[in-house]
Amino acid sequence: MTIELRALQALRLKGRATAEDVGAATGAPAGEVGPALAELAAAGHCEQARDRYKLTKAGREQLGELLAAERATVDQAAIVAAYRDFDAHNSAFKQLVTDWQLKDGATPNDHTDAEYDAKIVHRLGELHEGFVPLVDRFVGLAPRLAPYPERFGGALAKVRAGEHIWLARPMIDSYHTVWFELHEDLIGLAGLSRADEAAAGRAE
Amino acid sequence: MTPGVLALDGTTGAGRDELGGKAASIEAMRAMGIPVPPAFVLTTAVCRRFDDPADGAGAVPADVWAELPDAMAELERTTGRTFGAGPSPLLVSVRSGAAVSMPGMMDTVLNLGMTDEVRDALAAESGDAVFADDTRRRFVEQFAKVVGEQAPAEPWEQLRLAVAAVFRSWRSTRATAYRRDRGIAEDGGTAVTVQAMVFGNLDDRSGTGVLFSRDPLTGAAEPYGEWLPRGQGEDVVSGRADALPLAELAAAQPNAHTELLAAAARLERAGRDVQDIEFTVQAGTLWLLQARAAKRSPEAAARHAVTLHAEGLISPAEALDRVTAEQVEALLRPRVDPRAAAAAEVLATGKPACPGIGVGVVATSGEEAEDLADTDADVVLARPTTDPDDVAAMSLARAVVTDLGGSTSHAAVVCREMAVPCVVGCGPGTSAGLAGQTVTVDGGAGVVYLGALPVVPRGALDDPDLRQLAEWARAEAGAEAGGPLTALLRARQGAVHPAEQPAAVR
Numbered sequence: 153m154t155i156e157l158r159a160l161q162a163l164r165l166k167g168r169a170t171a172e173d174v175g176a177a178t179g180a181p182a183g184e185v186g187p188a189l190a191e192l193a194a195a196g197h198c199e200q201a202r203d204r205y206k207l208t209k210a211g212r213e214q215l216g217e218l219l220a221a222e223r224a225t226v227d228q229a230a231i232v233a234a235y236r237d238f239d240a241h242n243s244a245f246k247q248l249v250t251d252w253q254l255k256d257g258a259t260p261n262d263h264t265d266a267e268y269d270a271k272i273v274h275r276l277g278e279l280h281e282g283f284v285p286l287v288d289r290f291v292g293l294a295p296r297l298a299p300y301p302e303r304f305g306g307a308l309a310k311v312r313a314g315e316h317i318w319l320a321r322p323m324i325d326s327y328h329t330v331w332f333e334l335h336e337d338l339i340g341l342a343g344l345s346r347a348d349e350a351a352a353g354r355a356e
Numbered sequence: 002m003t004p005g006v007l008a009l010d011g012t013t014g015a016g017r018d019e020l021g022g023k024a025a026s027i028e029a030m031r032a033m034g035i036p037v038p039p040a041f042v043l044t045t046a047v048c049r050r051f052d053d054p055a056d057g058a059g060a061v062p063a064d065v066w067a068e069l070p071d072a073m074a075e076l077e078r079t080t081g082r083t084f085g086a087g088p089s090p091l092l093v094s095v096r097s098g099a100a101v102s103m104p105g106m107m108d109t110v111l112n113l114g115m116t117d118e119v120r121d122a123l124a125a126e127s128g129d130a131v132f133a134d135d136t137r138r139r140f141v142e143q144f145a146k147v148v149g150e151q152a153p154a155e156p157w158e159q160l161r162l163a164v165a166a167v168f169r170s171w172r173s174t175r176a177t178a179y180r181r182d183r184g185i186a187e188d189g190g191t192a193v194t195v196q197a198m199v200f201g202n203l204d205d206r207s208g209t210g211v212l213f214s215r216d217p218l219t220g221a222a223e224p225y226g227e228w229l230p231r232g233q234g235e236d237v238v239s240g241r242a243d244a245l246p247l248a249e250l251a252a253a254q255p256n257a258h259t260e261l262l263a264a265a266a267r268l269e270r271a272g273r274d275v276q277d278i279e280f281t282v283q284a285g286t287l288w289l290l291q292a293r294a295a296k297r298s299p300e301a302a303a304r305h306a307v308t309l310h311a312e313g314l315i316s317p318a319e320a321l322d323r324v325t326a327e328q329v330e331a332l333l334r335p336r337v338d339p340r341a342a343a344a345a346e347v348l349a350t351g352k353p354a355c356p357g358i359g360v361g362v363v364a365t366s367g368e369e370a371e372d373l374a375d376t377d378a379d380v381v382l383a384r385p386t387t388d389p390d391d392v393a394a395m396s397l398a399r400a401v402v403t404d405l406g407g408s409t410s411h412a413a414v415v416c417r418e419m420a421v422p423c424v425v426g427c428g429p430g431t432s433a434g435l436a437g438q439t440v441t442v443d444g445g446a447g448v449v450y451l452g453a454l455p456v457v458p459r460g461a462l463d464d465p466d467l468r469q470l471a472e473w474a475r476a477e478a479g480a481e482a483g484g485p486l487t488a489l490l491r492a493r494q495g496a497v498h499p500a501e502q503p504a505a506v507r
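In order, the protein sequences belong to chains A and B. Going by our numbering, the first sequence opens with residue 153, and the numbers climb by one from there. Going by our numbering, the second sequence opens with residue 2, and the numbers climb by one from there.
Examples of chain A residues lying across from chain B (beta carbon under 10 Å, computed):
hint : residue
1    : Arg-164
2    : Lys-166
3    : Arg-168
4    : Asp-256
5    : Gly-257
6    : Thr-259
7    : Ala-320
8    : Ser-326
9    : Thr-329
Keep in mind the hints are simulated off the structure, nothing from the lab. Yeah, the Cβ is synthetic: ideal placement off N, Cα and C, and Gly gets one too.
The following block holds chain A by itself, in its conformation from the complex:
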């Protein structure tokens, strides 16, 4: 598994990412990330603005080719079947995040009710436990996904420690961010499109 693909995909999913972000998302050792990004920049596949990197058009095309090549090595029937199993977890998780943000689906949760929040954190723990075997199945089918179990576990640990921003905050590796990136990876690996999945009510 080349670090090139992992780094390009991390940049795509993160938008504008620091070397640290790319390291966390790819699971690559710190010593490898800097040189890999420098190499991508030299090849014109990404560009640096201050301490952040973003994909170039050429980088996006290169990523598309590498993803297509990867897909050719993945058991399509198995990944599509696993993706179908993901759907129920996905619905449960989306509802959980919405309940975290809104009480009764309408009132913003101002997080003053510790008991309400604790119940949702508990639900997240249960959901995580039921979800881990499926993530392992994905990793078995597509080794590039190997960093996901640790990323989910890391976010959950922080939420449980009372750092609630790690549940849903964007732009950091919160449980929701990791979930959403995994979902995007799964859609790609299964050869589907987000728009079609959204229209079918599975990914909005």
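Since the structure of chain A is provided, determine the placement of chain B on it from the hints.
What follows is chain B alone, placed relative to chain A:
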């Protein structure tokens, strides 16, 4: 026995159960001496006999039918016009009216009594052959659609078919299912109201309009209305753009204007709420067609509740009934200036996902949004759905709009975390249609307007009206009650779902 036919002259003494909602409203206005086009009603008692074989099932009972010529003659006498004949022909509307309004009922046939001769007479009277032709065309089309068959040439036959169609519609599948679901009695029946038509497009001293007894947008305690000279019926209600401010009516026809405001004030006192009134002036004579409690903006809901109490019209408990928690929440958010919003073009509507107002130029890709934001432009990101790589752009955007998705969608979740105003599920193709335009997004209402609209800042927590409402709510809930007004109102509303709240005026 309940009479079959009653002239609605304000003295029937009959209740809503016999008259149905529409006739009861006409009767109440007539009793107050308010000018309403003359009308009579076939009561709900007739509906109960309609299916009775003894009366020839599916037909208007003969004894009831025999009463109609006298009732019609009274309309002719009051209006000085003749049903089905010139030179001043009388046309009527035929409407259903159960005690409770329900879907599935035959609604309305207008301009009934139309014939070739009547059309010619109308053309001669109004000096406007186009108007006469148009009235005839509207009648023919509406009759066929609503009654389900071609309009016969003979006016009384038109009336007989329309009346029978209303009574039949009480037994329609939809109406029956509606009653079953709501536990509404099967034997209530509907009434049929027959009312003289008045014409706002008859001459230069005619027109039609809408009057609110108080401003339904700002909540100011002054009338607000629109007036369309030579307009007819639905022209103003349907929002035709060239309506004039009410001051134009005051200038052109001061008597009708004065009479209108006086009627509005009396209806408001009788109804103990702000009234939404449809009126027509025909050749200088004012007629009120309909009056009902006005829909209103969140701001107006709070203001009116407090001022109506101050004027001794409603109790504190009733004032609280008039304001919802959602309306108070809306007041405590920044919002689009209501007058500007009412005049603005709505480009898209969807599900409110994160409240707030965002103004900017629409970008349809994350990259475009980021590039625009780099130039310090205000950007609204519009996407079919949002991807992980859109998140950076979403964080820079003033608002986010999506074609697909609901309130648990990625865009909704991420925007709520970042407090970016967001409307989701606007429909396929919306984002592409918005590209490049400057828009104002109201995330709390789920609306995208064309242009940069003025924004009213967040309502002050120490707003005197909200403070007054909170005081009443606390007093009502008891000594130990605390918490914000929204929580107190929500507790009173009980389990009422937000979707069932009265719609707000935009």
